[in-house]
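Mind docking these for me? Both chains are given alone in their own frames, and the hints should help you get the complex.
Just so you know, the sequences run in chain order A and B. Numbering of the first sequence is given in the numbering used here, commencing with residue 1 and proceeding in unit increments. Numbering of the second sequence is given in the numbering used here, commencing with residue 1 and proceeding in unit increments.
Hint data in this document are derived by calculation from the structure and do not stem from the laboratory. Since this is a predicted model, take the numbers as computed values, not measurements. Hints should not be assumed to be uniformly reliable.
[What the hints assert, rightly or not] Simulated coverage check for chain B against chain A, where a stretch passes if three residues somewhere in it have a Cβ under 8 Å from a Cβ of chain A: (1) 38-45; (2) 101-111.
[Unchecked claim] With a Cα cut of at most 27 Å, we get these calculated DSS-like pairs of lysine-lysine: (3) B:LYS94 x B:LYS71; (4) A:LYS42 x A:LYS57; (5) B:LYS94 x A:LYS42; (6) B:LYS56 x B:LYS37; (7) B:LYS71 x B:LYS56; (8) A:LYS83 x A:LYS42; (9) B:LYS71 x B:LYS37; (10) B:LYS42 x A:LYS57; (11) B:LYS37 x A:LYS42; (12) B:LYS71 x A:LYS57; (13) A:LYS78 x A:LYS42; (14) B:LYS37 x A:LYS57; (15) B:LYS37 x B:LYS94; (16) B:LYS94 x B:LYS42; (17) A:LYS57 x B:LYS94; (18) A:LYS83 x A:LYS57; (19) B:LYS56 x A:LYS42; (20) B:LYS68 x B:LYS37; (21) B:LYS68 x B:LYS94; (22) A:LYS78 x B:LYS42; (23) A:LYS83 x B:LYS42; (24) B:LYS56 x B:LYS68; (25) A:LYS42 x B:LYS68; (26) A:LYS57 x A:LYS78; (27) A:LYS42 x B:LYS42; (28) B:LYS56 x B:LYS94; (29) A:LYS42 x B:LYS71.
Every residue, glycine too, gets a C-beta built ideally from N, C-alpha and C.
Below, each chain spelled out in residue letters.
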Amino acid sequence: EPEVTQTPSHQVTQMGQEVILRCVPISNHLYFYWYRQILGQKVEFLVSFYNNEISEKSEIFDDQFSVERPDGSNFTLKIRSTKLEDSAMYFCASSELGGMNTEAFFGQGTRLTVV
Amino acid sequence: GESVGLHLPTLSVQEGDNSIINCAYSNSASDYFIWYKQESGKGPQFIIDIRSNMDKRQGQRVTVLLNKTVKHLSLQIAATQPGDSAVYFCAENKGGSYIPTFGRGTSLIVHP
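This is chain B alone, in the form it adopts within the complex (with noise of 0.2 Å):
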């Protein structure tokens, strides 16, 4: 039978390319939001977060944009490396909650 949910959206990409992951969050009272990078077999890991008085938010080769007009969140990756293929989560705090609720997940797959 049909395994839901095992087929990731999957991005891959050329090592030294540029990665974009977007992601469409859900409820529009939500107030920060987050990237976590899941590598397999370990917990998901803090890499940038935002709140949504902002729009784009920069770190060391992550950039996170914002647009709350459309719900959307997207991580940008400058240099995409091998060590960075993983799966990377989505998540918001849902207005009024301090807990972080999980979308859905994007595999990236860095070929060297």
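Looking at chain A on its own, in the form it has when it is part of the complex (with noise of 0.2 Å):
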């Protein structure tokens, strides 16, 4: 069954230090997303991404964050300069179509810690 993987699955990283993670999402899926959960706390929408650009972004997604598409298989998340608050899991997702009824498909997560 297809799915959407990412890497690594736990990052550890100094204060101030850029970061970037990966995912590879499911190969026929046009749409990509990407998501952090603090830890217990609700799963909160980044940004989405469709023909090499962005669509939608939240608040969250400052001008530290930054997305890219860089082949064919690839999406990443970079955080130029990390900060202790930006310790969560990130999740990655893709769907086939953006509309409603587009089921979205997450990946495993990337946890990263910020020391």
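Okay, here's the thing in structure tokens:
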């Protein structure tokens, strides 16, 4: 069964450092998303991406964040200068379509710990 | 200090019982709703969805009920099993957006 894969599963980084979280969406999917989940809290939308550009983003997704699809398979989230409060699980998701009734498939997540 | 947000609503049931998990959504313009299951250390997994023009939809062992009048969504799980233990999130696609917005989550604990 096709699945969204994320690497690494756990990333520890020093405050102020840049991190890149990687995702391989399902191959025939066209819409890609990043969400984050701070421990014990709800899953929060960060950004969606379609046709090589950001289609929606939340207030959380400020200038410290960027996304890229560098090739035909990877979808990355970059945090330029990490802060302690960026520590969270980051989930990548993809969907075949972007309209209503479109199921988004989630990866297993990357746990980011900023120390 | 207090850890705000670490205490999810919790539903404890015995194996074999039926479970009902409730969710109040925020936006009357939302037109699509999804229930996700999240097991420990994993990403959210789609369970069932429902459009706003329906009030009930059934899957295998799960039923979703939608009451638009009071903006309430529920997930019923029949004959709950230990493998159903997880955190359950409702999500809504707010009108005009295809982005699922997640609710807070309910922790379901199934005792054998």
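Violated hints, by number in ascending order, as checked against the structure: Violated hints: none; all satisfied.
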